[in-house]
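Number of protein chains: 4
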Amino acid sequence: MVLKNIIQEAYHKVNSIDDKGQLASYIPELVNVDSESFGVYISTIDHVNFGIGNCHDKFSIQSIAKVLSLSLAYSILGEKIWSRLGVEPSGTAFNSLVQLEVDNGIPRNPFINAGAIVISDILLSHLKNPKDDFLAFVRTISNNSELNYSTKIATSEKAVGYRNIALCNFIKSFNNIENDPSEVLDFYFDLCSLEMSCKELTEVFLFLANNGYNNNDNSTIVTKSQSKRINALMQTCGFYDESGEFAFKVGLPGKSGVGGGIIAIHPNQYVIAVWSPKLNKKGNSYKGMRFLEEFTTKSELSIF
Amino acid sequence: MVLKNIIQEAYHKVNSIDDKGQLASYIPELVNVDSESFGVYISTIDHVNFGIGNCHDKFSIQSIAKVLSLSLAYSILGEKIWSRLGVEPSGTAFNSLVQLEVDNGIPRNPFINAGAIVISDILLSHLKNPKDDFLAFVRTISNNSELNYSTKIATSEKAVGYRNIALCNFIKSFNNIENDPSEVLDFYFDLCSLEMSCKELTEVFLFLANNGYNNNDNSTIVTKSQSKRINALMQTCGFYDESGEFAFKVGLPGKSGVGGGIIAIHPNQYVIAVWSPKLNKKGNSYKGMRFLEEFTTKSELSIF
Amino acid sequence: MVLKNIIQEAYHKVNSIDDKGQLASYIPELVNVDSESFGVYISTIDHVNFGIGNCHDKFSIQSIAKVLSLSLAYSILGEKIWSRLGVEPSGTAFNSLVQLEVDNGIPRNPFINAGAIVISDILLSHLKNPKDDFLAFVRTISNNSELNYSTKIATSEKAVGYRNIALCNFIKSFNNIENDPSEVLDFYFDLCSLEMSCKELTEVFLFLANNGYNNNDNSTIVTKSQSKRINALMQTCGFYDESGEFAFKVGLPGKSGVGGGIIAIHPNQYVIAVWSPKLNKKGNSYKGMRFLEEFTTKSELSIF
Amino acid sequence: MVLKNIIQEAYHKVNSIDDKGQLASYIPELVNVDSESFGVYISTIDHVNFGIGNCHDKFSIQSIAKVLSLSLAYSILGEKIWSRLGVEPSGTAFNSLVQLEVDNGIPRNPFINAGAIVISDILLSHLKNPKDDFLAFVRTISNNSELNYSTKIATSEKAVGYRNIALCNFIKSFNNIENDPSEVLDFYFDLCSLEMSCKELTEVFLFLANNGYNNNDNSTIVTKSQSKRINALMQTCGFYDESGEFAFKVGLPGKSGVGGGIIAIHPNQYVIAVWSPKLNKKGNSYKGMRFLEEFTTKSELSIF
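Residue numbers (the numbering used here), protein chains in the order written: chain A, 130 to 433; chain B, 130 to 433; chain C, 130 to 433; chain D, 130 to 433.
It should be emphasised that the hints constitute simulated quantities derived from the structure, not laboratory data. By construction, the Cβ of each residue, glycine as well, lies at the ideal position given by its N, Cα and C atoms. Treat the hints loosely; a few may be bogus.
Quick partial rundown of chain B residues pointing at chain D, CB under 8 Å, derived from the structure [said to hold, decoys possible]:
id, residue
1, Val227
2, Gly234
3, Tyr291
4, Arg292
5, Ile294
6, Asn298
7, Phe299
8, Lys301
9, Ser302
10, Glu429
11, Leu430
Where chain A lies over chain B, by a calculated footprint (3+ residues, C-beta under 8 Å) [to be verified]:
id, stretch
12, 174-181
13, 259-270
14, 276-285
15, 375-382
Not everything, but these chain B residues come out facing chain D in the computed CB check (under 7 Å) [said to hold, decoys possible]:
id, residue
16, Leu226
17, Ala295
18, Glu307
All chains should be modelled from the sequences, with the hints used to inform the complete structure.
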């Protein structure tokens, strides 16, 4: 199988490179991982699966969970969700608070923290038992009842999440948060604490390579149009101020997390998940970015 | 032919909508067009061609020319071109000068004015007769010797181009312009004054749907990798602060101009050009955006 | 007495003007005042005192209290206080969060909310019973044991103080808050809830017209150098983004509050306090600003 | 004489300090000065005059000239001048272009470059022979026919003034420049090239310590109200983003230039001029700032 060979070759090439990245330091608990871990897993809609390295080790998916909370909220509210937040790249990380001020509390997109906090607020208003219901959603779409939050990680982040408290209260001051800020943040930190392996990530995200359908039972998770739009959003906004670079070098919609995970989606073809915990200066996995660039260059499988 | 039917249907639907756009006012000469014009043309790499409405009328392509100047400069310098400018979306139009200040004169991407001015400076340093050589490039790749600049438009813009003069001198103050600012701007205004019809636009841009190859003689205009990367840049940065919206609603790499033209590219499949001169509030063709949204929704042919 | 005549004349002239201001709306409790109130009181270091209008009615002094908390903190820590915040005008109100981000959590001056919150944090770290000790300080310098906080106002502001919660947590994320943010804010909201009349305000603030000495018993409240510097800070930063305008039109160091109060100080001469609750667009008392302009123009008693 | 002793003492103390400043580098010609120069001159309205060090050496007064062009324009147009620019501090140097964008081409005050360029434009519209007429104004108020521009300095700055060209054209794009940008800039660079000694500077600026009257013949140069307002503007905006620091530490209205000169005014008392060409990080004379701090601390003669 060609894909398998390309993955193996790219994996070994990147694994031999000196990793210049740094472990995320802002969540204390995140430093307690093996910094040399490096795993890759791919799942195609034709049921081809292949993994290498630490592809079965669980890690904190962090911001990758923002795609899942958006998917659930989008499936519940449809297009009217966009009255609460935008679909534009935010320029630089540095600008996020500036732009909230300029845009009167409307986050620019669902993948910056401000936007994900608004999505959490929406889910809080629409779910009966938000924490349980969201977990049930993730377990159902992946047919994997073992997925779970990490209380340790959530607690660790809550203890130092001053900037997110600032963001949430700032948005609340513009009346774009309906619930109590501390409840919104609690739920938000729980979402980000989801733990999965690369293999499990591809099982969860395969619906976005499959036009919104569950690849097992063909049920609709989000509509075809919503699936395309979520992918478009990942393409333009998935990597903070490195989104352009990722589109440019990798050429696939994707999303990263500060735990060192990245998922990338080739619509109608496959999902690939990479994990390596040391991050580059923009906060994305150093080896993960390098691997995906190598992979799409070799496979010539980008969407462009 | 299905494509033809979809285009006809979308064209008539959008043409019947009340056009809420406004003619561009900042270049005096641009108001002298028939504001009701509306044309569409598609060319596939399989040599299918189809047009409707004012698809044979020439108009000022303005910023669409930035893709062509980038293509020529990129083919000459290769990747080292990115030491002079970035590949990230700029956030908002409103931020462009701010970000130049923060980023020390390095424009965020080649499609904001600042970036296109730097590209003009690069071409000025590398071409013998910049104005003639660039025109020759455009004529060659489209096999159309009738393409030309509009002296009227260029002169009209030069007379009021204070903001671009400001941008160019500002970048020069950071040492990121090599040539005399007034020469750089002269060349820049000439580039933007290129005139073409929708049909001609598709002939010029077909190479970006064809992995960088000329669809007629198979010669290499830019490399396959460069072609993919130019498309990725159009996807993330082609519509100023409406780039996310375009990716979200249309789902194709594209580029707009204040003359009311838009090109969009489906890699490995086709180029589509739309022209309607009244602009929405973000400076993109009102009907053009609506048409392309309708078109990709109906055809389900987005890249996502 | 000349001063008395000038004050009477200016008072009646301004009182007859149509008041275009608006009551502050962001603290619910603040709207429960008589919007037509208008009082003025002056105290000179030569023991001349004169008042007019509602000069004996108590009102919420709000941000005017920031001068008092600064004075106490400055007298305790001396110049090393400036490692925690700056002495520069902040440009515009609109920029405050931006500049915190650019300046890594160091507020530009002690009179914007961010700066006053840092001062509250400092007092919290240095006072045994912060709330009681601060009140004792204010009572002592004015020899007025009836001064007090308003629980109603403090509670009202705490219930909607999302933006200040955002500010405090944002600064905490830069490690420039030592205590628990909710305790800092509690104390901050208490400070701002102090209630006084114009007459009482002049008694409290007379030390700043008297080189830092208590005008009754000649004890040192702050040093002469500190007194001059606090006055300089009021001159450049006392009126948010209307500080330049106040220096320009009134020409005295001063400080305003959203309760509609303003104090102004003529070093070595007098303190004048004005109160009228309707605010102009920049958040300063409409009649208060007009009165002080009239007063210093007529008296020619500005410091310039 | 006490003043004389204080000046001598402060001069020697500061002169013995290691000067950590740097010569201005952005105007090539400015580096051709003796970097160790250090002069001080004071003139009181009671005709006391005293100088020390290089107080008779001429140097490029640069931005100090902005106070003179403002004075002339203000005396011609009166208050309606403020429809073209503001009276607020600009926050940080870094913000100037940002704020022009936010404020639609209205500079925040007459002492940032943007504001001084607008003042130049105003003079250009109102003077018959702008360059000659302005020089005549400066010579008349100081009764010194030997004052002159430096062609060398003006030419040197014109050759590299890209950032000012950017500013002027940017303001023009907002319709806040009436004349041709290149003529406005020519005049602006001429103004800034004025050369004087510390002694001559005090003669030119004595009117601002004298309520707008010429101290020799008692003629009105600007009105008393205008004089107070110009002083207020110097207090809040005279030192770019070190204006607060200067008010805080020195406590006098003043203006600096990148040639290393500073003037400071004590209304109703004196003008003091200092010159030392090495600049601190904010672009103000390192020794000059230190001297004035020492001087007002020792003399206790600040306005606060």
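We went through each hint and held it up to the structure:
Annotation: valine 227 of chain B was flagged as interfacial toward chain D, and the flag holds, the nearest CB pair being 5 Å apart, inside 8 Å. Taking 8 Å as the C-beta contact cut-off toward chain D, the hint placing glycine 234 of chain B at the interface is violated, the least distance being around 10 Å. A hinted interface residue such as tyrosine 291 of chain B counts as satisfied when its beta carbon comes closer than 8 Å to some beta carbon of chain D; here the least separation is about 4 Å, so the hint holds. Taking 8 Å as the C-beta contact cut-off toward chain D, the hint placing arginine 292 of chain B at the interface holds, the least distance being around 4 Å.
The closest approach between the C-beta of isoleucine 294 of chain B and any C-beta of chain D is roughly 4 Å, which is under the 8 Å cut-off, so the hint is satisfied. At about 4 Å, the closest approach between the beta carbon of asparagine 298 of chain B and any beta carbon in chain D falls short of 8 Å, and the interface hint on this residue holds. A least Cβ separation of about 4 Å between phenylalanine 299 of chain B and chain D falls short of the 8 Å threshold, and the interface hint therefore holds. Of the supplied interface hints, the one on lysine 301 of chain B holds, with its beta-carbon coming within about 4 Å of a beta-carbon of chain D, less than 8 Å.
Taking 8 Å as the C-beta contact cut-off toward chain D, the hint placing serine 302 of chain B at the interface holds, the least distance being around 4 Å. The restraint placing glutamate 429 of chain B at the interface with chain D is violated, with a minimum CB-CB distance near 41 Å, outside the 8 Å limit. About 39 Å separates the beta-carbon of leucine 430 of chain B from the nearest beta-carbon of chain D, more than 8 Å, and the hint is not met. As drawn, the stretch 174-181 of chain B meets chain A at 0 residues by the rule of a beta-carbon pair under 8 Å; below three, the given contact is violated.
Counting residues of the stretch 259-270 of chain B whose CB falls under 8 Å from any CB of chain A gives 0; the rule of at least 3 is not met. Proximity of the stretch 276-285 of chain B to chain A, defined as three or more residues with a beta carbon under 8 Å from a beta carbon of that chain, is not established by the 0 residues found. Coverage of the stretch 375-382 of chain B by chain A holds. Counting CB-CB distances below 8 Å, 5 residues qualify, and the rule asks for three or more. Because the closest C-beta pair between leucine 226 of chain B and chain D is about 5 Å apart, less than 7 Å, the hint holds.
Here the hint on alanine 295 of chain B is kept, as its CB sits about 4 Å from the closest CB of chain D, short of 7 Å. Hint on glutamate 307 of chain B is violated. Least Cβ distance to chain D is approximately 13 Å, over the 7 Å limit.
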